[in-house]
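Work out the full structure: start from the sequences and follow the hints.
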Amino acid sequence: MIARFAFALFMAITLSLAAAQAAPERLIIGGVDAQPTVQPLLDALQTDMPHAKAQYRQARPSQIISRLLAGVDGGEPVDVLILPTPDLAVYLANEGSASRHGASAVKHRPMQHAHWRSEVFSIGYDPAVFVVRKGAMAPIDVPPTRTELARTLEQNQARLKRRVGLVNIGIDNVSYAFASQEAMRSPLFWRISRAMGAAQARIFDSNEELLQALAEGRIDLGYNVPLSAAREWMGRHPSIEVVMPQDYVLALPWTALIPENARNRSTAGDVVDFLLSDRADDALEQIGLTTPQDLTAIKNVQLIELGPELLVYLDAVKRSRFLDTWFQLVIQE
Numbered sequence: 001m002i003a004r005f006a007f008a009l010f011m012a013i014t015l016s017l018a019a020a021q022a023a024p025e026r027l028i029i030g031g032v033d034a035q036p037t038v039q040p041l042l043d044a045l046q047t048d049m050p051h052a053k054a055q056y057r058q059a060r061p062s063q064i065i066s067r068l069l070a071g072v073d074g075g076e077p078v079d080v081l082i083l084p085t086p087d088l089a090v091y092l093a094n095e096g097s098a099s100r101h102g103a104s105a106v107k108h109r110p111m112q113h114a115h116w117r118s119e120v121f122s123i124g125y126d127p128a129v130f131v132v133r134k135g136a137m138a139p140i141d142v143p144p145t146r147t148e149l150a151r152t153l154e155q156n157q158a159r160l161k162r163r164v165g166l167v168n169i170g171i172d173n174v175s176y177a178f179a180s181q182e183a184m185r186s187p188l189f190w191r192i193s194r195a196m197g198a199a200q201a202r203i204f205d206s207n208e209e210l211l212q213a214l215a216e217g218r219i220d221l222g223y224n225v226p227l228s229a230a231r232e233w234m235g236r237h238p239s240i241e242v243v244m245p246q247d248y249v250l251a252l253p254w255t256a257l258i259p260e261n262a263r264n265r266s267t268a269g270d271v272v273d274f275l276l277s278d279r280a281d282d283a284l285e286q287i288g289l290t291t292p293q294d295l296t297a298i299k300n301v302q303l304i305e306l307g308p309e310l311l312v313y314l315d316a317v318k319r320s321r322f323l324d325t326w327f328q329l330v331i332q333e
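Using the numbering used here, the first residue of the sequence shown is number 1, and each one after it goes up by one.
The calculated SDA-like cross-link candidates involving lysine to any residue, where the alpha carbons are at most 25 Å apart (straight line), are:
no.: 1; residue 1: K299; residue 2: R231
no.: 2; residue 1: K53; residue 2: R279
no.: 3; residue 1: K299; residue 2: E241
no.: 4; residue 1: K134; residue 2: G217
no.: 5; residue 1: K134; residue 2: S239
no.: 6; residue 1: K161; residue 2: A213
no.: 7; residue 1: K161; residue 2: Q212
no.: 8; residue 1: K161; residue 2: V242
no.: 9; residue 1: K161; residue 2: V243
no.: 10; residue 1: K53; residue 2: S99
no.: 11; residue 1: K161; residue 2: L329
no.: 12; residue 1: K318; residue 2: N94
no.: 13; residue 1: K318; residue 2: A183
no.: 14; residue 1: K161; residue 2: I240
no.: 15; residue 1: K161; residue 2: A215
no.: 16; residue 1: K299; residue 2: D281
no.: 17; residue 1: K299; residue 2: R151
no.: 18; residue 1: K318; residue 2: S206
no.: 19; residue 1: K53; residue 2: E260
no.: 20; residue 1: K161; residue 2: L188
no.: 21; residue 1: K134; residue 2: E241
no.: 22; residue 1: K134; residue 2: Q200
no.: 23; residue 1: K161; residue 2: V142
no.: 24; residue 1: K53; residue 2: S277
no.: 25; residue 1: K318; residue 2: E95
no.: 26; residue 1: K53; residue 2: G102
no.: 27; residue 1: K134; residue 2: A297
no.: 28; residue 1: K53; residue 2: G269
no.: 29; residue 1: K53; residue 2: T267
no.: 30; residue 1: K318; residue 2: I203
no.: 31; residue 1: K161; residue 2: I331
no.: 32; residue 1: K318; residue 2: M184
no.: 33; residue 1: K318; residue 2: S186
no.: 34; residue 1: K299; residue 2: W190
no.: 35; residue 1: K134; residue 2: S206
What follows is a set of in silico ranges between Cβ atoms, one per label pair, in the way DEER data are often shown:
no.: 36; residue 1: R279; residue 2: D141; range: 41 to 49 Å
no.: 37; residue 1: A198; residue 2: R26; range: 48 to 56 Å
no.: 38; residue 1: K53; residue 2: A158; range: 56 to 64 Å
To be clear, the hints were calculated from the coordinates, so they are not data collected in a lab. Using N, Cα and C, we set each Cβ at its ideal position, and we do this for glycine too.
Below you can see the structure in the form of structure tokens.
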């Protein structure tokens, strides 16, 4: 009897362990983008790591901050966070809400740009570009630089009135990141903002709205649009054309981090390694991002580097003053 009981117990434990090993490990991926945007990356991750079942959770930046800093996320801690702007990621790491990870797959990433404190990792880049509707600027030449853009706007106010577009940097985090970083690099940013206001530029809530207006012929030119968004629309609307600024191209890194309260840190580390490896490159390109090795094809590219300087324009007072100045220039009655 005892032998039978011991055998039955042994078999139950064995079957239970086998079932546990067969069941895929649940992994929560968090981000601010809608799931369709990051789906190619999730699909590639599932193929590369069949032992893990990734589930995506979308949240607003304010929700991510409050949930992670509080150590909760609706009862389901996020294992890996993927963000399209680096400032929030650096903020979370600076607040002690990110785990260190000795990434083993940074091979083609320049080490000075690949990570910050082994807590925040650059997985791909999104350059800021001009977008135009083919032939719509005639007889005006398409401006190839910021200086030429400012001059074109200043000298052709009547022709370009309500025909240029901007994204509201007070709403869109990517546009705010581009604007604040460009303002730090060049006073031309403010000259262009003033010229946009004089031309009564249309202001959109998102890059998708701006690109839709461009495709429909309601505007002829858009400024500081992420290349990823432009590429998606170019595939459906051949009339849209990208102009890489010849003076310099700002490249914003998408970032990944492992929250301090992640449940599956080991598997989360494998995800970060995957995102940094060339196995993820095809998926990153499907999203529209530029991989580090492809940045060499872009002239005068300037990488927005990871570091505490990104926190400057997250300061509430600094942000408020920056936005007030921008709105005063671009909204002229």
